[in-house]
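Trainee: Here the structure of chain S is known, so what remains is to put chains F and D in place on it, guided by the hints.
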Amino acid sequence: MHDSPITAEHNPALRHHFSDMAQQKNAASLGMWLFLVTEIMFFGGMFCAYLIYRLAFFNDFSAASRSLDIRLGATNTAVLIGSSLTVVLAVNAAQSGNRKRLVTYLLATIFLGCVFLGIKAVEYKQKFDEHHVPGPTFDFEGEKGAAEERPVVQGHAQLFFVLYFLMTGMHAIHMIIGVGLFSVLTLLAWKGHYTSSYYTPIENSGLYWHFVDIIWIYLFPLLYLINRHH
Amino acid sequence: MATVAYPSPERQNYLNQEYGIKSWLLTTDHKRIALLYLLSITFFFFIGGFFALLIRLELLTPAGDLVQADTYNKLFTMHGLVMVFFFLIPVVPAVLGNFLVPIMIGTKDLAFPRINLLSWYLYIAAGALMMHCMLTGGVDTGWTFYAPFSTAFTNTKIVEAGLAAFIAGFSSIFTGLNFIVTIHRMRAPGMTWTRMPLFIWAHYATSIIQVLGTPVIAITIVLVAAERLLHLGIFDPKLGGDPLLFQHLFWFYSHPAVYIMILPSMGVVSEIIPCFARKRIFGYTFVALSSVAIAVFGFLVWAHHMFVAGMSVYAALIFSMLSYLVAVPSAIKVFNWTATLYKGSISYTTPMLYAFGFLGLFTMGGLTGLFLAALGIDVHVTDTYFVVAHFHYIMVGGVLMGYLGGMHFWWPKISGRMYPEGWGRLAALIVFIGFNLTFFPQFILGYMGMPRRYWQYPPEFQVLNVLSTAGSTVLAVGYLLPMVYFLWSMRYGKIAEDNPWAAAGLEWMTTSPPPTYNFEETPVVDFEAYDYENIKAKEAPVAR
Amino acid sequence: MFANAPLWPERASTIAGNVDALYIFLLVVTGMMCLLIFTCILVFAARFRARPGHEAEQNEGSIPLEITWSAIPFVVFMFIFVWGAVIFFKERTPPRGSMEVYTVAKQWMWKFEHVEGQREINELHVPVGRDVKMIMTSQDVIHSFYVPAFRIKQDVVPGRYATAWFHATKAGTYHLFCAEYCGTMHSGMVGDVVVMEPAQYEAWLGGGTATGSLVTTGQGMFQSLGCPTCHRFDTQGRGPNLTGVFGKPVLLEDGRTVVADENYIRESILVPSAKVVSGFKPIMPTFQGLVTEEQMNALVAYVKSLSQPQSGGAAGTPNLKPPTSQQSTENPR
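Note that the protein sequences, when read in sequence, are chains S, F and D. Residue 95 in the working numbering sits at position 95 of the first sequence; the count goes up by one each step and never skips. Take the position in the second sequence, starting the count at 1, then add 1000; the result is the number in the working numbering. Take the position in the third sequence, starting the count at 1, then add 2000; the result is the number in the working numbering.
Just chain S, same shape as in the assembly (with noise of 0.2 Å):
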């Protein structure tokens, strides 16, 4: 037996554990910021390690930071920023019940993400014929033009390059996730599943992609721009 207030009429939406769909939704919500405060733990172990070895070997960094390519990187992050305001547009669809609306922008997020990943292809690539991947093919050959340039030390090099990518891989899976949510989202919107009333999932889904975006905001600086104007 459950007790639904007698008056209410029931949005099919409601589970029955919850008593209304104001709790419901501010469980949802208060899951999903959880949720994302988990994931900057998760992220934070890597940021750690960064921030002592960049303290540690701070030419180093410099040298590989300015090997990765700053207009790739400049132009993902513009595309990740427009992306988070798409997913802005799409939760204020929502809000108003446009679900022709709601589906465009759920689009546009999808392809802006994916944008991002094939710019993300491209870096990986160029570092891969660059011999920057870490491993037994790594060989850093520090900067054209040095002359006074002190060698880089290959092994702090590659720790850059490790964190480099396992940083910016964690994010790309997270956004990998990201663009399957949100394509099941807009599977979902399409078939007229979220109303006025009913779209906490977007709304939770969206936090979880400004977050993605959010992390990626900490990693440009970090990793593309130490000592840019060196």
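Incorrect hints may have been included.
[To be verified] Keeping only pairs whose Cα atoms sit at most 25 Å apart, straight-line, the calculated SDA-like set for lysine to any residue is: (1) D:K2170 <-> F:P1458; (2) S:K25 <-> F:G1190; (3) F:K1538 <-> D:T2292; (4) D:K2281 <-> S:Q154.
The hints are simulated quantities; they were obtained by calculation from the structure and are not laboratory data.
Mentor: This is chains F and D only, laid out in the frame that chain S set:
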């Protein structure tokens, strides 16, 4: 309060509402999920315990003559891995917590029932992977898998075991997440934070640690796996990597993990003692806030596992001082529990015996922590059996006693049956005696200098080792007994009333066992927790 | 030989007494705490057992009591902390003029090198009544140097030097254990520390070694690896003059100042571009993979000897003048 009707087993409850394997494997009922966990966790407990017995058997003699050195190294590794990740961390939250948290706060289920089921499946997947790993060679790094031994020197199945622990970690994270949201958002009308049972406070604090700490071990495992598989150099000194970075990342989780283990059991004790002393707990607010304080401070002390690892003296000083700070809230709890007994009306039921055992053994374990936090002493006793004894006093003497006490206390609610009280008390006594005989000699062994993880040892350590092994056989008997009589009781046990202990708490105001949605009507809470003033004790609280 | 008191090992070092004193204090304090709590529990359990006609008396709590039993333990804990910290500080501060023993730990043995050149495996001879400083590194995984009778323990980590020191007070043979799990024969990585009377120790030392002192070995390595090519003993070298370097602060070209300790020397040989001395170019090649740990120890010992005063340093350290005739009176830094 609900009236106490004498229950008939035919009345519909969560156990008989639906039958069939699908109704269990696809359930979203938190109570059924709790039982699923009970079965699987008990299984892993006995696996881990079996390894422990083999270890103790080997240590009967100074020479390595029962198993080979490599096998022995695998035994203590697997014992640690199974006990930590598959027993101690999940046991009280996933079994008792899952069952009781929604009922105790007066709601129908956890916030995310499907995620709850997912948690169990993740646990099973992780467990299956770990079993496979063990059966096909196992790992030999110690459960702490320090680099660079684990990343560059051992040939055993680190990545597989790491993946199993990683998956188990997510099971733990989701459980914690579920509890936090449930406690925040789904309390019954009138249940304010200060009317919540301390069991809930304990699980809330535990869940915070689970959510914040577990991801760090997850990423540590990823880094170790990456280093192993791709020959990277994050922890490899030859590439500029730092082996100590591994230790910091590892212990950042693994220290708070021990608070994940003990806090829920402390919550259990906080329920049992008021009931069998017929008194509201002494210092409710202090006990509740102590749980939270332990959770917070527990994150600040990890490097006390690294005093001799090569840290600076100043770092060591800071962590030593913080470790003393974290001991204070635990002391506060022990004093409050003891004060609860004062002028109570105490009965010696099995749960109460376990609670007494907890008080004694946790106190001893906690006090020996003071030795370890003292820098000058730690240099001598770290990495010896002193540490082994310390943490077993807390984990076995604390966590396990609390768990067993809770299982006996809530067994009538969970199963609708009473366990046989005489056997319960006997088992509690056997556990207590066996435990002390096993682990007290290890304090002495440690100070005398016997290092841990030793397959063979100098002959002068033999006598104490023999005592310890003898104790472990007694302990094993003590653990087997409840297995047997709990099973027996499900068929032949006396049928339980709704509230056989005349205990306070919403869970006792519904039937034994509860209906699927926990309550006939949503309770409205207009009374404080532990309202023993207004609950009349039973004439004979326990029938044999 | 191995006679142990029932509760603790022999005390064979100066610090052992301090450690045991704190231990006994803790035993007494925690014993009393246990006694107090257990007595309360047992007395309350007996006195307030359930019987007809006796109701429990509700008692919500007492803030003064809470504060008392929080504050008193806190104060006691802080006292213990300070006491433990003082002992630790002593343990971590090797006295000046300690006799040095280089240690290389590997799976699964302890290799010791005295500066006089004696090498030992799994057995360490030391004289009674002298400060002994162990300078230790690992060839592979983390080990831990543990001598229960001395109450000292120090993890030995690959890639860096760790130090531990002791001052033995009693002749005898004491257990040496590896205390950090290191693989298959971790429990076999055990040995003895043999503490001898000074005269016997000298006799043991004089037993002779074919290889010569550690410093001599180091000097030989220094030559054969071509170090003097750049590290001349004047101001003309492409690398800094190493005379007097050890133990002093060094200004690096990025502005940092570090102290030239054993780890600095080691890093300079293995990863030279990590710390470049101010005023010099980063042109030193790396010797990673070209020197074993034992050879590294010899080189470090040699560089240290260049900072020793001319008229005889610590016992057993030979007087070594720089090999070239161009003596400089000045130091580039």
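Trainee: Work down the list of hints and note, for each, if the structure agrees.
Mentor: Outcome of the hint check:
As the CA atoms of D:K2170 and F:P1458 are separated by approximately 21 Å, the hinted pair is consistent with the 25 Å bound. Restraint check: the Cα-Cα separation between S:K25 and F:G1190 comes to about 21 Å, which is no more than 25 Å; the hinted pair holds. In summary, the hint linking F:K1538 to D:T2292 is not supported, as the alpha carbons are separated by about 77 Å, beyond the 25 Å threshold. Distance restraint check for D:K2281 and S:Q154: the Cα-Cα separation of roughly 18 Å lies within the 25 Å cut-off, and the hinted pair is therefore satisfied.
Hint 3 from the list above is the single one not met by this structure.
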